[in-house]
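Same order as they appear, the protein sequences are chains A and B.
Going by the numbering used here, the first sequence opens with residue 1, and the numbers climb by one from there.
Going by the numbering used here, the second sequence opens with residue 480, and the numbers climb by one from there.
The reader is advised that the hints may include incorrect statements.
To be clear about the criterion: a stretch of chain B counts as covered by chain A if any three or more of its residues have a C-beta under 8 Å from a C-beta of chain A, and this derived list gives those stretches [as the list claims (entries may be wrong)]:
1. 524-532
2. 539-549
3. 561-571
4. 575-586
FYI, nobody ran anything at the bench for these hints, they're computed from the structure.
For each residue, glycine too, the CB sits at the ideal point set by N, CA and C.
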Amino acid sequence: MDLSTLTIDEARAAVAERRTTARSLAESCYARIQKEDSQIGAFLTLSKERALEAADRIDRLAAEGKPLPPLAGVPVGIKDVMVTRGLRTTAGSKILGNYIPPHDCTAVSRLEAAGAVVLGKMNCDEFAMGSSNENSAFHVVRNPHDTSRVPGGSSGGSAAAVAAGMAVATLGSDTGGSIRQPASFCGVVGVTPTYGRVSRYGLIAFASSLDHIGPLTKTVRDSALVLRTIAGRDPMDATSADVPVPDYVAELEVPVTGLKIGIAKEYFGEGLDDEVRKAVEEAIQTIARLGCEVVPISLPHTEYAIPTYYIVATAEASSNLARFDGVRYGYRAKNVRALAEMYRRSRDEAFGAEVKRRIMLGTYVLSAGYYDAYYLKAQKVRTLLTRDFDEAFKKVDAIVTPTSPTPAFKIGEKANDPLAMYLADIYTVTADLAGIPGISVPCGQTQSKLPIGLQILGRHFNEATILRIGHAYERARVN
Amino acid sequence: MKVSEKDVAYVADLANLELSAEERTRMVRDLNSILDYIERLNELDTDKVPPMAQVSDRYGVDESKQGSERFAYATRPDIHNGLRKSLPHAEALGNAPDSDGTFFEVPKVIER
Chain A
1 MDLSTLTIDE ARAAVAERRT TARSLAESCY ARIQKEDSQI GAFLTLSKER ALEAADRIDR
61 LAAEGKPLPP LAGVPVGIKD VMVTRGLRTT AGSKILGNYI PPHDCTAVSR LEAAGAVVLG
121 KMNCDEFAMG SSNENSAFHV VRNPHDTSRV PGGSSGGSAA AVAAGMAVAT LGSDTGGSIR
181 QPASFCGVVG VTPTYGRVSR YGLIAFASSL DHIGPLTKTV RDSALVLRTI AGRDPMDATS
241 ADVPVPDYVA ELEVPVTGLK IGIAKEYFGE GLDDEVRKAV EEAIQTIARL GCEVVPISLP
301 HTEYAIPTYY IVATAEASSN LARFDGVRYG YRAKNVRALA EMYRRSRDEA FGAEVKRRIM
361 LGTYVLSAGY YDAYYLKAQK VRTLLTRDFD EAFKKVDAIV TPTSPTPAFK IGEKANDPLA
421 MYLADIYTVT ADLAGIPGIS VPCGQTQSKL PIGLQILGRH FNEATILRIG HAYERARVN
Chain B
480 MKVSEKDVAY VADLANLELS AEERTRMVRD LNSILDYIER LNELDTDKVP PMAQVSDRYG
540 VDESKQGSER FAYATRPDIH NGLRKSLPHA EALGNAPDSD GTFFEVPKVI ER
């Protein structure tokens, strides 16, 4: 069993057909993690007891010839911003360095109910704030394709683990691109579902109107399998949508002929790396040859997406991170004389630089006198950006863009220039602001063998179409 | 230069962050750089544009209703999955940095 190419289907089949056991599959992953993760840094916490208990339960069912749940024995990793009962969850931060949650994230419960085996918690940028996984309070994650480079972020650990064959699938979170961009940098598939498609209950909040949970996998079909399991209304999350979940896997086989694919000129302008442009243009040709019609469109407010995002996201983050005050959980500063000092020093000592920067920016744009000029203004521009997509989707069924303007950059390259780091999200933040789904699929490599990602955006709750296009493209590319 | 050291000190106060002198200096620089970039939003005329607080209103809100009934999509029965015990006390205190077994303990509040 080759872990570097093992898909969910192959893993399930091998366990169901008794060619291997869930336990042995989990143990192989741990052996691989033991061997390789010291160079990658993808995992923050391993959960061997939980994993082997789950694996043994599956093996007992298999031995008794009982029907197995849909993800039986599949080894998965969970980004450390999702809580796992009894298993340390840090959000990549010192402020939760020893936090043991008393409950499970809904997406995790659904995966485990489907038989998946949780190997451990994935490293990420602190509180999901970052585009390179250099902001983890614990250690950097390295890109398995070139360990001098970043894996992308904030779900860097999740993407790297799948790319390096240490987990068959992982869950990540996406607020401004944090699933799609690392998927693109690491050469794996990443799906950001429609806002509200997957419950956020148990996801440690960064920006409540922008956060999403989604899968990172080796193939589009695997992502469809995971999405089918975790999507759906959850009474514990008032923003989770009461919209039926299609069978994304069955829908993959519906032909893509006749679909209209929009190409927005704003995503192919200045700043786009030449090799990325070439690979994406070739991918568009391949998709056209599958019978899709390529339609030029415009998303005129694209250049205002990053400033809008950095107001809305930081404002919401400043509010969400107010709960980390040292009172009920998490880090508490020592030798404090009074409550106010406890709040201020606990937060200052345990939050990293990027988190503090975003809290400050968010607090500033919400403060009296500035609220209208910044936050309210940003909310109005958000409407304009969303209308751009509404107009576009009257003419096309999906929009294809590069996922990122560049391939993976070097570790340390953008670390001292926050604005340069923010601009890396230029093609991904628009989807989060509008709440539409997006997928990144590998579409080639640079001369120096760095992966390049193709992004496909779709209408609200139309994951089925973008998965279908991604799947058809993936198959055409291999053949 | 929009943001001064005084502004940074004021905002840090609001955000309950005790920044060191070095952090304050860097923050002035970083915030100004970002806010400069954000200025471009003023190129857009948004006078007649409604603000968008979140996405879920678009496909959940019942336009035919008034007041909070419009947001019925976001509600659920009070008693969900039957009556259950709430999080046990001991578990709730499980991550407490300091506790007397009943309450979370914190340093005393002093009027400033």
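Ascending list of hint numbers which this structure does not respect: Going through the list in order, the structure violates hint 2 alone and respects the others.
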